[in-house]
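Colleague: Letter by letter, the chains look like this.
Number of protein chains: 4
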Amino acid sequence: MILVIRPDASLAQIEHIVERVKELGYTPHVSRGESRTIIGVIGDETKTSPESLLAIPGVEQALPIMKPFKLASREFSKGDSVVHVGKVRIGGGNLAMIAGPCAVETYEVMDTVAKYVKAGGANILRGGAFKPRTSPYAFQGMGEDGLKILRDVGDKYDMPIVTEVMDPRQVDLVCRYTDMIQLGARNMQNFDLLKECGRTNKPVLLKRGMSATVKDLLMSAEYILAEGNKDVVLCERGVRSFEDSTRNMLDMAAVPNVKGQCHLPIIVDPSHATGRPDLIPAMSRAAVAAGADGVHIEVHNCPEKALSDGPQALLPHQFLDLMGDLRRLAEALNRRFSRNDEEE
Amino acid sequence: MILVIRPDASLAQIEHIVERVKELGYTPHVSRGESRTIIGVIGDETKTSPESLLAIPGVEQALPIMKPFKLASREFSKGDSVVHVGKVRIGGGNLAMIAGPCAVETYEVMDTVAKYVKAGGANILRGGAFKPRTSPYAFQGMGEDGLKILRDVGDKYDMPIVTEVMDPRQVDLVCRYTDMIQLGARNMQNFDLLKECGRTNKPVLLKRGMSATVKDLLMSAEYILAEGNKDVVLCERGVRSFEDSTRNMLDMAAVPNVKGQCHLPIIVDPSHATGRPDLIPAMSRAAVAAGADGVHIEVHNCPEKALSDGPQALLPHQFLDLMGDLRRLAEALNRRFSRNDEEE
Amino acid sequence: MILVIRPDASLAQIEHIVERVKELGYTPHVSRGESRTIIGVIGDETKTSPESLLAIPGVEQALPIMKPFKLASREFSKGDSVVHVGKVRIGGGNLAMIAGPCAVETYEVMDTVAKYVKAGGANILRGGAFKPRTSPYAFQGMGEDGLKILRDVGDKYDMPIVTEVMDPRQVDLVCRYTDMIQLGARNMQNFDLLKECGRTNKPVLLKRGMSATVKDLLMSAEYILAEGNKDVVLCERGVRSFEDSTRNMLDMAAVPNVKGQCHLPIIVDPSHATGRPDLIPAMSRAAVAAGADGVHIEVHNCPEKALSDGPQALLPHQFLDLMGDLRRLAEALNRRFSRNDEEE
Amino acid sequence: MILVIRPDASLAQIEHIVERVKELGYTPHVSRGESRTIIGVIGDETKTSPESLLAIPGVEQALPIMKPFKLASREFSKGDSVVHVGKVRIGGGNLAMIAGPCAVETYEVMDTVAKYVKAGGANILRGGAFKPRTSPYAFQGMGEDGLKILRDVGDKYDMPIVTEVMDPRQVDLVCRYTDMIQLGARNMQNFDLLKECGRTNKPVLLKRGMSATVKDLLMSAEYILAEGNKDVVLCERGVRSFEDSTRNMLDMAAVPNVKGQCHLPIIVDPSHATGRPDLIPAMSRAAVAAGADGVHIEVHNCPEKALSDGPQALLPHQFLDLMGDLRRLAEALNRRFSRNDEEE
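Residue numbers (this note's numbering), protein chains in the order written: chain A, 1 to 344; chain B, 1 to 344; chain C, 1 to 344; chain D, 1 to 344.
I should point out that these hints are in silico values taken from the structure, not numbers from a laboratory. Treat the hints with care, as some may be off.
[Stated by the list, open to error] No farther apart than 27 Å at their CA atoms in a straight line, the calculated lysine-lysine pairs in the DSSO-like style are these:
# : chain 1 : residue 1 : chain 2 : residue 2
1 : A       : K47       : B       : K215
2 : B       : K215      : A       : K305
3 : A       : K215      : A       : K70
4 : D       : K215      : C       : K305
5 : B       : K215      : C       : K215
6 : C       : K195      : D       : K195
7 : C       : K305      : D       : K22
8 : B       : K22       : A       : K305
9 : D       : K202      : C       : K305
[To be verified] Rough simulated footprint, nothing fancy, chain B against chain C, three-plus residues with beta-carbon under 8 Å:
#  : region
10 : 35 to 43
11 : 232 to 246
[Said to hold, decoys possible] Which bits of chain D does chain C cover? Going by a derived footprint, with three or more residues having C-beta under 8 Å, they are:
#  : region
12 : 177 to 190
13 : 298 to 310
From the three backbone atoms N, C-alpha and C, an ideal C-beta is built for every residue, glycine too.
Modelling step: build the complete structure from the supplied sequences, incorporating the hints.
Modeller: This is the structure:
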């Protein structure tokens with residue numbers, strides 16, 4: 001860390017800063033410039049947050065140099081991590097296509113949608129049994145009954161399944177049914193839930209929070225990794241912005257931004273990011289071209305009757321067309337959609 | 001709700017929309033204009049979200065007319081609600097000054113800070129025992145030991161206490177010690193936690209999420225009210241923005257904005273909103289002048305040794321000066337800081 | 001337009017609203033619902049802004065239905081417009097690659113960079129002679145001397161050129177040298193400058209403002225079109241956001257979002273959008289995959305000596321590699337980079 | 001400035017960086033830490049932007065230490081600057097109340113509004129003759145005819161006037177009529193216009209851009225000051241955000257934030273910041289309590305017939321009530337509204 005000292009700091013203040021730095025177990029390295037004194041703080045920065053040094057009188061800025069995450073960093077693991085969900089691989093050139101309805105509604109809808117997305121080439125089936133809804137009066141999900149339906153339909157079509165968990169008390173229950181746990185955007189900094197998921201042996205799909213920076217996202221992944229669970233897949237799903245013609249703003253640059261500093265796979269969810277089916281195909285193609293390890297899309301056979309987020313779902317035939325495009329694109333870029341029936 | 005129909009929608013599509021509206025229990029009211037057809041959807045809008053109608057082919061826009069919250073609205077309760085925390089009143093001209101360190105650290109620090117803020121005129125004591133930290137390697141709070149210290153010190157100085165809860169599994173424990181439960185910004189849409197707090201008999205301090213709109217905040221309050229707990233105090237604490245010289249952007253207009261449509265008290269937290277002690281006094285004065293029902297400030301006797309958020313804390317003497325200003329201002333506006341020893 | 005009437009509006013107020021709507025030349029269409037009255041306002045909405053109706057007492061919301069732009073809309077021109085810059089075509093499957101240094105610095109640098117980008121396959125040469133700089137003490141551009149260098153080098157390599165204009169008084173001068181005028185992000189709502197460029201016969205590259213919505217961008221294009229200049233190319237170059245690891249946030253979804261409602265070509269500038277050379281290749285590929293009509297990239301043979309924006313420039317060999325990728329991608333998507341030597 | 005070197009930088013790269021720093025006229029100061037090398041760059045930072053150093057291979061971060069503005073800084077001028085508009089003073093405890101309609105429409109409207117705001121205690125009269133409008137089809141202002149009306153009415157009521165200039169070619173014309181030039185939010189980074197206004201002898205009211213940081217605002221003020229014009233008044237008028245219930249988000253903390261580092265007066269415009277008359281009084285009170293040097297409010301006697309921004313205007317009687325509140329508040333804070341008839 002580097003401390004920039006106020007121009008009007010007294011010598012006594014500077015001495016106090018130096019001693020405080022030593023007390024915290026660091027080695028101070030003082031440079032006096034024409035207009036400013038700066039103090040290099042040598043040692044393991046993750047032990048102390050920059051803010052605590054900022055509170056010492058006379059300190060004007062405390063600039064961190066090292067990244068605050070370790071286990072998620074490229075320094076910790078140089079190669080691209082590959083996460084297995086069932087036999088489907090995500091990362092290292094293997095693409096995931098996670099598709100399904102927003103919420104599990106009935107066995108029939110789930111079965112119909114699964115049949116279509118399987119035929120199109122999706123390799124993981126999604127559906128929410130516990131739904132985070134802005135309104136307490138909106139449909140809150142089917143709970144365990146939904147989990148059972150999702151499991152049955154996943155097995156019928158030989159697709160591993162992913163479903164969201166919202167409450168630490170649901171983690172055990174959800175783990176009995178699912179192949180992968182989803183942590184939603186609203187829970188990206190629900191730290192107790194992150195820890196609980198970090199203690200399971202299920203891969204975790206961690207969605208970026210609506211106002212989370214890329215660094216925040218990686219710090220939340222670090223919470224899961226620090227508990228011993230190494231199988232984390234990140235998901236860019238748009239952030240809040242002033243643009244009012246889309247539901248969120250898809251930060252596509254987050255894909256190479258994450259890949260430059262972190263070994264975990266990252267996929268893109270254009271359904272939540274845009275909230276508009278007319279933009280989903282272009283954003284899915286862009287995600288694959290940007291280097292994402294997969295795409296997460298909501299598909300519904302009758303969006304107008306969907307109990308949640310109907311208007312952002314693709315119809316089955318639109319999904320089919322899109323998958324054709326994505327396969328061509330993946331091929332041109334030497335990547336491929338993974339399959340659940342492949343041998344190791 | 002109003003449905004705007006696409007200019008190229010067929011008659012069959014319009015008929016289908018009208019039938020679907022009826023199926024959902026609404027009365028459709030069709031107006032054909034020169035360039036557009038619009039359909040008024042008459043009935044209780046809170047039963048259906050606009051998005052589900054937006055998914056019907058031929059619908060271009062679905063515009064909600066009614067507010068999506070009920071119990072929190074001025075229509076439900078015309079006057080200003082007054083929430084009691086101990087004997088301290090918040091709302092209806094009664095101001096809260098919630099002060100204390102970010103985290104409970106030791107009995108000694110808590111005792112020292114409490115003595116000072118009590119002397120300055122704070123009426124509620126705060127301190128975190130469970131801390132939401134961006135990094136898994138940062139101090140996570142003292143847990144139950146911290147709750148005990150906070151309770152003891154609150155009793156010693158005759159101040160009701162408020163402390164944060166992060167996990168539904170902690171709610172019972174926290175309620176055994178605290179007078180008011182705080183729900184932090186990161187948990188504003190932790191819906192299971194909202195419900196759990198809604199089932200207690202403790203007043204709840206609900207902080208606005210970092211990217212929550214005012215409507216989102218009121219919807220989260222509605223979650224608590226809908227479970228039967230009427231004692232909710234809202235808190236504006238800044239939202240994420242591009243401005244990088246402050247920690248967040250304090251949306252001061254949220255105060256009159258909330259008051260115009262909601263009967264619940266709202267206070268302002270300039271400590272988290274700005275992250276800068278040099279801005280806290282001006283923002284506290286502005287909050288009172290804007291009509292807020294109180295202020296929430298972090299105070300620490302030695303910010304450089306604080307285990308959390310030290311640099312945004314006021315020193316005791318700064319707090320004392322500020323309280324003098326705020327009392328004069330409150331008087332000029334015919335309001336007053338409530339006391340814990342006053343008779344009903 | 002639709003007016004939503006306040007629930008407490010009096011009959012006299014409603015009558016007044018109806019009369020005011022008639023006065024403005026519209027036909028009112030009143031629907032009384034259970035809880036609200038709504039008034040459809042039939043007629044040409046572009047004559048009156050919704051806000052003026054919102055100011056009538058008793059009106060709660062004024063909801064526009066029609067798009068506020070005409071000449072830029074798909075309704076006005078169904079097909080994709082193709083803009084010619086020299087003989088290079090932009091739009092309708094023809095891709096532009098606009099490349100060059102941020103600022104024109106010397107003949108030598110311009111010549112070197114032009115040689116490289118031409119060899120790589122760029123079809124339009126860029127360079128700034130008038131530079132908008134945040135600081136008055138930073139390099140402000142070479143002015144007319146820079147225009148001459150850019151013209152000479154463009155001619156030498158048979159590349160049409162584009163350069164920025166910042167002041168209506170410079171438009172004539174710049175038009176004497178350039179093939180295309182660039183309007184920068186900071187001037188997207190410099191309406192006098194838009195009008196001035198609309199009166200020239202040069203194609204205009206209009207960059208999105210840092211906090212402009214897609215609708216704002218199209219309204220600014222409308223300013224140019226309304227003056228008679230039909231050759232407008234839009235450019236997404238990132239918007240301001242809370243994410244602090246990139247210079248701006250590239251709103252990739254703006255590409256299909258614009259294309260759905262507007263016939264003009266749109267290109268993407270990943271240099272300014274990200275400010276990071278390590279992210280430019282991925283974002284360029286994503287732009288082409290998303291359907292953009294071209295890419296705008298800064299290239300410099302010695303970024304550390306660049307007088308402006310050096311750190312966001314690609315090196316010549318990086319540019320060469322990227323062009324290889326983009327050509328493969330374009331081919332897979334049935335599109336191609338246009339050339340300046342092709343016959344009509 | 002401080003350069004943080006990449007952990008994998010070679011010795012040759014570090015040597016090259018050191019030489020490049022010297023070439024640029026700075027003294028390098030190298031510190032080798034356990035995991036990182038940092039290089040202090042000693043000298044006048046305003047000569048080189050951090051970005052140019054960032055482009056040197058091996059440099060990971062370039063951290064500026066000094067503020068990039070000089071003439072606007074507290075270091076340059078310790079006391080609070082007082083700007084005179086006519087005989088009205090702004091700053092140093094003297095408050096401005098700038099009021100009037102959004103646009104000059106007719107002599108009658110201007111006269112009526114001026115009579116009311118003068119009676120209420122406004123000390124500067126505003127009205128736009130050149131209007132920046134998002135749509136080319138909206139009312140663009142009366143031009144010189146509007147300037148004449150504003151001048152006549154200002155003289156009649158003995159109020160200095162302020163009006164907006166949008167184009168460098170209008171500056172001379174506007175200066176012939178007005179007492180103060182307004183630079184609107186959309187032109188905050190119209191650098192040629194800033195320079196042109198900096199060459200006049202009229203005080204300038206500089207509004208913050210919709211996505212400008214506080215630092216950006218001060219850099220734009222620096223453009224005017226650097227041309228020799230010392231009379232700049234800053235204006236916070238809200239920035240773009242995701243909150244959709246107000247027109248912009250009023251960044252009230254900008255007031256003390258500016259005052260801490262800059263000697264220029266700063267006022268607040270709650271009309272544009274909120275776009276809602278119901279929020280203007282609370283935000284005006286808050287502005288005065290936060291330490292602003294004045295308030296800028298739109299007032300119209302018949303908002304529903306206003307040609308621009310009617311719905312955000314106060315009615316004359318609302319303005320009168322508000323002024324009563326503000327005077328009481330100012331008195332409690334030892335400040336006062338300045339008058340045009342006072343002796344120096």
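Colleague: None of the hints should be skipped; say for each whether it holds.
Modeller: Each hint, compared with the structure:
Our distance criterion of 27 Å between C-alpha atoms is broken by K47(A) and K215(B), whose separation comes to about 39 Å. Between K215(B) and K305(A) the alpha-carbon distance is near 26 Å, which keeps this suggested pair within the 27 Å criterion. For a cut-off of 27 Å, the pair hint linking K215(A) to K70(A) stands: about 12 Å separates their Cα positions. Between K215(D) and K305(C) the alpha-carbon distance is near 26 Å, which keeps this suggested pair within the 27 Å criterion.
For the hint linking K215(B) to K215(C), the alpha-carbon distance of about 24 Å falls within 27 Å, and the restraint holds. Simply put, K195(C) and K195(D) have alpha-carbon atoms about 21 Å apart, close enough for the 27 Å limit, and the pair holds. Restraint check for K305(C) and K22(D): the C-alpha separation of about 13 Å stays at or below 27 Å, so the hint holds. A threshold of 27 Å between alpha carbons decides the hint, and for K22(B) with K305(A) the separation of about 13 Å falls inside it, so the pair holds.
In summary, the hint linking K202(D) to K305(C) is not supported, as the alpha carbons are separated by about 39 Å, beyond the 27 Å threshold. Coverage of the region 35 to 43 of chain C by chain B holds [criterion: at least 3 residues with CB-CB distance below 8 Å; count 6]. Under the rule that three or more residues need a Cβ within less than 8 Å of chain B, the assignment of the region 232 to 246 of chain C holds, with 4 such residues. Note: the region 177 to 190 of chain D has 4 residues with beta-carbon separation from chain C under 8 Å; the three-residue rule is met and the coverage holds.
Restraint check on the region 298 to 310 of chain D versus chain C: 7 residues with Cβ-Cβ distances below 8 Å, three needed, restraint holds.
The structure does not agree with the numbered hints 1, 9 stated previously, though it agrees with the rest.
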